[in-house]
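S.K.: Whole structure, please, built from the sequences with the hints as guidance.
Going down the list, the sequences are from chains U and S. Residues 9 to 197 in my numbering are what the first sequence spells out, letter by letter. Residues 9 to 197 in my numbering are what the second sequence spells out, letter by letter.
No lab work stands behind these hints: they were computed from the structure. Virtual Cβ for every residue (Gly too), placed ideally from N, Cα, C. Worth double-checking, as some hints may not be accurate.
To be verified - So the derived label-pair ranges between C-beta atoms look like this:
1. U:E94 <-> S:D105: 54 to 60 Å
2. S:L127 <-> U:T148: 46 to 52 Å
3. S:D105 <-> U:M130: 55 to 61 Å
4. U:H72 <-> S:H72: 44 to 50 Å
5. S:A185 <-> U:E46: 33 to 39 Å
6. S:E186 <-> U:G180: 35 to 41 Å
7. U:M9 <-> S:A185: 42 to 48 Å
8. U:S107 <-> S:Q52: 32 to 38 Å
9. S:G37 <-> U:D139: 23 to 29 Å
Claimed, not checked - From chain U, some residues computed to sit far from chain S (all C-beta separations above 10 Å):
10. D73
11. L158
12. E176
13. P195
Number of protein chains: 2
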Amino acid sequence: MAPTALVFLAGGAEEMETVIVVDVLRRGGVETVLAGLEGSGPVQCSRHVTVVPDCSVEDALTKHDSYDLVVIPGGLGGAKAIAASEKAGAILKKQRDNSGYIGAICAGPIALLSHQLHLGAMITSHPSVKDQLSGAFQYTEGRVVVNGKLITSRGPGTAIEFALALVEALQGAAKRAEVAGPMVVHPGV
Amino acid sequence: MAPTALVFLAGGAEEMETVIVVDVLRRGGVETVLAGLEGSGPVQCSRHVTVVPDCSVEDALTKHDSYDLVVIPGGLGGAKAIAASEKAGAILKKQRDNSGYIGAICAGPIALLSHQLHLGAMITSHPSVKDQLSGAFQYTEGRVVVNGKLITSRGPGTAIEFALALVEALQGAAKRAEVAGPMVVHPGV
Ligand SMILES: [Cu+]
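M.R.: Rendered as structure tokens:
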């Protein structure tokens with residue numbers, strides 16, 4: 009059975025980070041649901057690209073009892089909405105309790121802090137939110153940081169590397185290489 | 009006055025390439041219109057992400073008489089639709105006649121061939137469409153190829169480099185660097 013992923017979509021999400029994660033996970037054979045935090049309607053992202061989620065978060069939870077991976081994209085507006093949402097917090101806490109994978113990129117890790125998840129773990133984030141996070145986590149400046157079931161990254165420019173790391177975690181290194189080839193990723197990645 | 013860009017959106021477009029180009033151009037201060045080839049409704053992209061264009065191509069032409077840049081994203085479905093469209097062909101020919109910039113990534117350059125634009129120019133494309141293009145163009149394997157007003161590139165993994173090259177063409181190298189920094193692009197880019 010294909011592994012499953014839920015990617016949150018909230019207003020102000022960084023559209024590159026959101027779309028790269030969903031697209032690359034699907035290329036990697038992960039059954040991926042882009043779940044609207046505020047329902048199933050179109051969402052305006054941080055640079056005014058409008059993306060329509062596959063369904064609401066509530067509907068996503070009826071599709072699968074649990075997901076192998078839950079992803080928090082960046083974009084300060086989107087990340088703040090996820091950080092402030094009790095609904096998102098409940099999903100993320102259940103994910104942590106189930107020992108499922110959590111991915112967070114850019115400003116996304118602020119939701120780990122607000123929901124008190126994986127405190128003390130080794131993480132990274134967008135440089136602009138480092139000061140908020142460095143007290144509560146073991147903060148590093150790696151482009152993608154894998155700490156057990158928690159995978160974090162820094163920004164739109166690291167989103168492909170982040171998404172490939174998620175594919176590798178769920179599907180293995182061979183699948184990662186199979187996905188990366190036709191995408192013509194940077195030779196350094 | 010801000011430079012302007014029209015980015016085509018057609019069914020089957022590669023969503024990473026489309027969204028990265030629009031987002032990065034906007035970060036670079038380029039007034040960018042995501043123009044639906046088949047109207048203003050939501051478009052299903054190649055990996056089933058649904059993106060809503062800003063308006064139809066027809067409406068985009070009423071916003072500005074002409075654009076400084078017209079972009080053909082990849083995704084085989086989207087590129088084929090643009091390659092087959094008389095409407096897109098007319099916009100691209102006018103762009104060439106006006107000495108405006110044209111950008112094409114991944115499978116996008118097949119539309120240059122079908123509309124007989126810049127034949128003989130130095131280009132690149134996704135490796136999978138190289139054989140269709142190498143007879144009519146001077147084909148290279150650079151990640152981003154700038155040949156006068158024609159800028160081409162290879163795939164989702166080169167899309168950030170491509171978008172930054174478009175920003176540089178329209179807004180200069182200092183603006184490119186200003187945009188790239190906060191995106192945390194790969195040090196090799
Ligand atoms: Cu493509």
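S.K.: Next, verify each hint and record whether it holds.
M.R.: Evaluated hints:
no., hint, in the structure
1, U:E94 <-> S:D105: 54 to 60 Å, "57 Å, holds"
2, S:L127 <-> U:T148: 46 to 52 Å, "50 Å, holds"
3, S:D105 <-> U:M130: 55 to 61 Å, "56 Å, holds"
4, U:H72 <-> S:H72: 44 to 50 Å, "45 Å, holds"
5, S:A185 <-> U:E46: 33 to 39 Å, "36 Å, holds"
6, S:E186 <-> U:G180: 35 to 41 Å, "39 Å, holds"
7, U:M9 <-> S:A185: 42 to 48 Å, "46 Å, holds"
8, U:S107 <-> S:Q52: 32 to 38 Å, "34 Å, holds"
9, S:G37 <-> U:D139: 23 to 29 Å, "28 Å, holds"
10, D73, "22 Å, holds"
11, L158, "19 Å, holds"
12, E176, "16 Å, holds"
13, P195, "7 Å, violated"
Of the numbered hints listed earlier, the single one contradicted by the structure is hint 13.
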